Every structure is written in C-alpha cells, then in structure tokens.
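2 protein chains.
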Amino acid sequence: MNIGIVGFGGVGKAFLKLVYDKKNELENEGIYIQINYIIGRTGGVYNNHGIELQRFIDFLSNEKDITKYCDGGKAEDINFELMLNNKDIDIMVEMTPTNKETGEPGITHIRRCLENNINVVTSNKGPILIAYKKLYNLAKAHNVQLGIGCTTGGALPAINGGLMDLAGADITSIEGVLNGTTNFILKEMEDTGCDYADALKEAQRLGIAETNPSLDVEGFDTASKLLILTNVLMNTEKTMKDISIEGITNVTPDDIKRANSLNKKYKLIGKTEIVNNELEMTVKLQLLDPSNSLYGVEGKNKAVRYISDTLGELTIIGGASGVTPAAASILRDIININRGYKFVK
Amino acid sequence: MNIGIVGFGGVGKAFLKLVYDKKNELENEGIYIQINYIIGRTGGVYNNHGIELQRFIDFLSNEKDITKYCDGGKAEDINFELMLNNKDIDIMVEMTPTNKETGEPGITHIRRCLENNINVVTSNKGPILIAYKKLYNLAKAHNVQLGIGCTTGGALPAINGGLMDLAGADITSIEGVLNGTTNFILKEMEDTGCDYADALKEAQRLGIAETNPSLDVEGFDTASKLLILTNVLMNTEKTMKDISIEGITNVTPDDIKRANSLNKKYKLIGKTEIVNNELEMTVKLQLLDPSNSLYGVEGKNKAVRYISDTLGELTIIGGASGVTPAAASILRDIININRGYKFVK
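As they're listed, the protein sequences go chains A and B.
If you want my numbering, it's the 1-based position in the first sequence plus 108.
If you want my numbering, it's the 1-based position in the second sequence plus 108.
Hints listed in this document are in silico derivations from the structure and should not be mistaken for laboratory results.
Treat the hints with care, as some may be off.
Repeated chains share a single entry, so a pair holds when one copy, or any two copies, can fit it.
Listed next, the in silico DSSO-like pairs over lysine-lysine satisfying Cα-Cα at most 27 Å (straight line) [claimed, not checked]:
#, residue 1, residue 2
1, K241, K349
2, K453, K248
3, K372, K408
4, K176, K309
5, K248, K408
6, K453, K125
7, K379, K121
8, K453, K176
9, K131, K248
10, K131, K453
11, K131, K241
12, K208, K195
13, K172, K182
14, K379, K408
15, K349, K195
16, K453, K346
17, K450, K131
18, K372, K208
19, K176, K346
These numbers were taken from a predicted model, which means no experiment stands behind them.
Using the sequences plus the hints, can you model the full thing?
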C-alpha cells in the first residue's frame, strides 16, 4: 500500500512516526505501508521505493523545511502533478490546512486523486464541509474509497460509529459535545468560579484555545462537525446556513453556579433531529442532568449520541486530543480500507 | 447473498422481519438478502429461490412450529446436513441456544460451515466463549468471515468498537457495564430504597431477570462477555477460570444509601487490565463518581470503555434490549461483511 502525503505539518509528522512505530504490528496483519511522497507548500520528498522513515524522522528532529531533505530528486520538482503523473500510489493522505470558505486546495487535491482512481483519506474539514456529496459520488464512480474519520473529532470514532456500528439502522437523531475548547472553558468556570473571559484566557495560556477563539466559542466548530455528521450519516446536503448557532460567550458564573446547585452541567450541544418531518439543526448551551450520557464528557473529551430505529441509542465518548490521536485516526481509516471496508458503497 | 438460519426463536423471527422491512434500503446499497433455509430442532423450511418472507411471517403469526409451513419439501428432511450438501448459501446465521459448558451444537455448526467455505454470523455466546481462537483460525484458513458482534451486548457495538473504531491502536484496558439485569436491580434499590431480594423480585416480575438469576446476579454473564472481548481484542486465550468473579447479591440498602450520599453509584464492572505485565481480569461491584463515563449507564443499558495507546479512551454506551436490537446486530455484521470488512484478517 503506497501512500502520498499532501500537506505536511504536526499531524503529518505524527503520522510518519506512527507508521514507523507500528510497522511490525501492521505487517503481521498483512498491511505493508510505504510512503512514496511527502509534499509541502514549496516542494517535496519522493522515493518510489518508499521514503526511509527512520532517516526522515531523524532529519525532522533538527529541520522543519522538508525541501532540504535529500533523497535523489530536486525538492522543488516534487509536487502534486508529478505524483498524479507517476501513478505509483494507492492512497493520498490529504492534510493541507482547512479553508472552510472555499475548501481549497483540498477539494482540488481530493477530486483529482479520485478521478485518477486513487483512494483518499483526509483530515481536512473544508472539502468535506463544502463538497462531501460530490466527492463521495466521484469516489463511487471511480470505485475508490474516501476516508473522512479524522474530520469530526479526530480520534473520536463519530463517523465510524454512524457507518459501521449502526450499519443497517436508520439514524433519526445526532447529538454531540463536539468541541474540546468550549468544554474546557465551561469546566474551568465550574471548577474555579471564574467568569467566561478568565476561563478563555486560561484556555489560551494552555494552548487549548486559539488567539482568535471565535470559531470555537461562538459554536462554528461544533456546527461544522454536526454538519459533516448529518450530511454523511443522514444522507442529506445541508449547509452551515441551515444551522441555528449559539455559542458560550454569554454564560455567566451565576449560570454555572445555579446549574451546579441543581446537580446539572452546561454543555455546548450540537443537535440534528427530525421535527415535523424536517431536519432541525441547532448548536446551543444545554443543561444536562447526570443521567444524560453526555453529562460526564469533560475537558478535552468529545462525544456523540445517535438514536436509531433498530439498534437504539449509541453514545460514543472519547477523542483524545493532540497530533498522535489525529494521526492515529488517519491510520485507522487506512487500515479499515485495507481490511476491505467500503466507506463508499 | 443467500442465508441459512440455524436455530430459530424470537431473535430469528425478529431477524426475518428486519430483512423484510429493510429490503428496499438494503437493495439501494446493493445488498440482496435471500433466506434459503430456516432450520429448527425437528425440521426446517427450504427454498432455493428464497423463502417468501411475507408469507412466512404471516404464517408465524398463528403458528410456532415451523415444520408445519409448506414450501415444497418435507420439513423433516430439511436439516443442517442437507444445507451443507446443497452448497447454496453464502452465510450461515447460527442462533441455536447457548450452552456455555460444551458450546454445542453451535461449535459443530460453525466449524462445519467454515470448513465448507461458508461465512458465519452468530448470536451464540457458547462457541465464542469456548473456541473463538480455533474458529477464527479455521475461518482464516478457509478465507471466510466470522461475525460475533451479537455475542457481547447485542446492539452494543463492543466488538465493532474494539476492532473497527480502534483499528491500529493497542487496547491496554477493557472495562464494562455489561449486564442489564444487575444494572436494573441496582437502580431499583437506589430509586426505591428496597433491599436486594425485593429488587430481584421486581426484575423477575418484569421479565428482566430469569427465574434462576444466578448467571446474571453472581457476575457470570458479565464475566463471559468480558472474556469474549478480552480474547478477541487483546489476542489472548483466557478462560473463565482466569477471572476473579463477585456478583451483587451481598449489596445492602445501606451501601446504596451511602453511595448516594457521596453522589456516587455502584455498578457491576467487568475489567481486564495489565498489572505487572500480566492481564488481570475481575468482575466486581465498584463505586463510580459522576465524572466516570460509565456512571450514567442505567437500567437495561450497557457500556464498555477501552483504553488504547494511540487513540486514547473510547467509551461506548448503548445496546438496546430485546429481540429486534439483537436481530439488528446480526444484520449489522452481515452488512459489514457485505461492505467488504474483514473481521477475520
């Protein structure tokens, strides 16, 4: 199984390390992974017998610029077009930065690989948010696979849960605690009694919240994950405009205190349900009691709850944060494709 | 995809109804299910063009004895041997009653089908408890699949979770609330303040506990599910003797009251973990606080929590009770096999 990596950052580096560390285990299962391409913004690395991972990982310990790595060819000549022309990969792993407005350059990378009968596994939310159905149909037409498990919660197997664990059942409701940053802020307010602004500062200090936290705290990250889950698992083509979105920026220490005194907790919940035969999609703060399976989802954890017709309720809690779990979720899709699973049916 | 059902009771009947109800949906995905055999204790029904489900389901509404159904052949001539000889099925669904001592007749049915290159999906715990590794290796040697999702929690995707959702990660700990009856009894004691004996009586009155409840309340059912999960997901060959098992029969209303006053709850937990480089397996009552993801698992619900090296923690809560969810978990394995997934690698 030959792989080309397009877009190379922290998760890519963790992915290489994982493939290296798990080599024996994977080979015991009959999975032989060879990384032929690592393509960054200004050039890449290529070896049609597989890049020597130990050597490349050692190189990365002192150097960020992959174009300085010498493996035969000139770094600046190694690009996406060359990879398509050479036709020597089975799977493209797309990890370029997410653009939620245009989906580019991810959409183009994914589209052109699928058109060239190359399987795709991606961590890139943008293309899946904007063009999932088109890309799915393209994959289907070319009889290749499209793995998107990393795009909604990373290690949290939200997509897997809906596709594989509820195979044969109709999902009638999706509900989730899908954003770690807002979870952290709410927990911080609960634990220390501080106000929203101070909890946000603490999250920023710890590197959990970004300098511009609006995507997280205003609910857009939750909404985008809910949108992907809904479109993938309920066979629809909703957009962000179809979601009523509220964030957590107005929550006060008094709200939290009152919830606590009732033995309840606030969580930012994304929810899709059927109301009067139509899908209704919301992101908003909700007060949960301890019997709710999402009540205990704390800190950086995430969770999703499905209700289905024949397999009942299914709650999945998990989704360790960080580059290794994200990389492991990419590897999970690759392994499941290797085990024959058809994400694209 | 032609199916032979061996062992026919409530789950079998629900399975037929499900295949009938989901026909269009399955066909949209390219899955054409035809039931060729339904084999009971004293005879069976056979149609090599597929038993007419609507007609057979109507027949069952007035009659339990399937040998009275007329579909050409003589019911008493239609048996397991005939099915093997005819070689006209792709999957055998084994649903004979569980025998946890011998595993029979399930083991023989499964073994002979695998030897004849027929895929197997089973709800029968006995064979998997006693002979999983042998049956797995047999399936591997004959390049066929063995689906066992129904054997540990029915609708709860415990096996799927470990195999598919944690693909590529090493599971280092398994912990679960795996028995609905003990869950119900503990909840009943908590809600009403009654003692163990009265809670058990109520469970029996509602048909949740059996007349002889010892398998459930003494922890053996939890232990047997833990054993299957451990052997399947941690690649070992433990037996029931390797598990330290305590049930819930000694719990008092005072214990429950004290737990409540601490805002905690008792659950019967089956757990496999690595202690001093060895697997340690226990079933015992444990006191959980609300931050534990198993805390909210109430009533007939079940749950399992895995800890893994690269994908972190994963908790799965669900597992609706009853014949339809159990049948749906059989159908889930059939669909995943149809989608190409290799449970046997």
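Hints the structure fails to honour: Numbers 4, 5, 7, 8, 12, 15, 18 and 19 - these are the hints that the structure violates, sorted from lowest upward.
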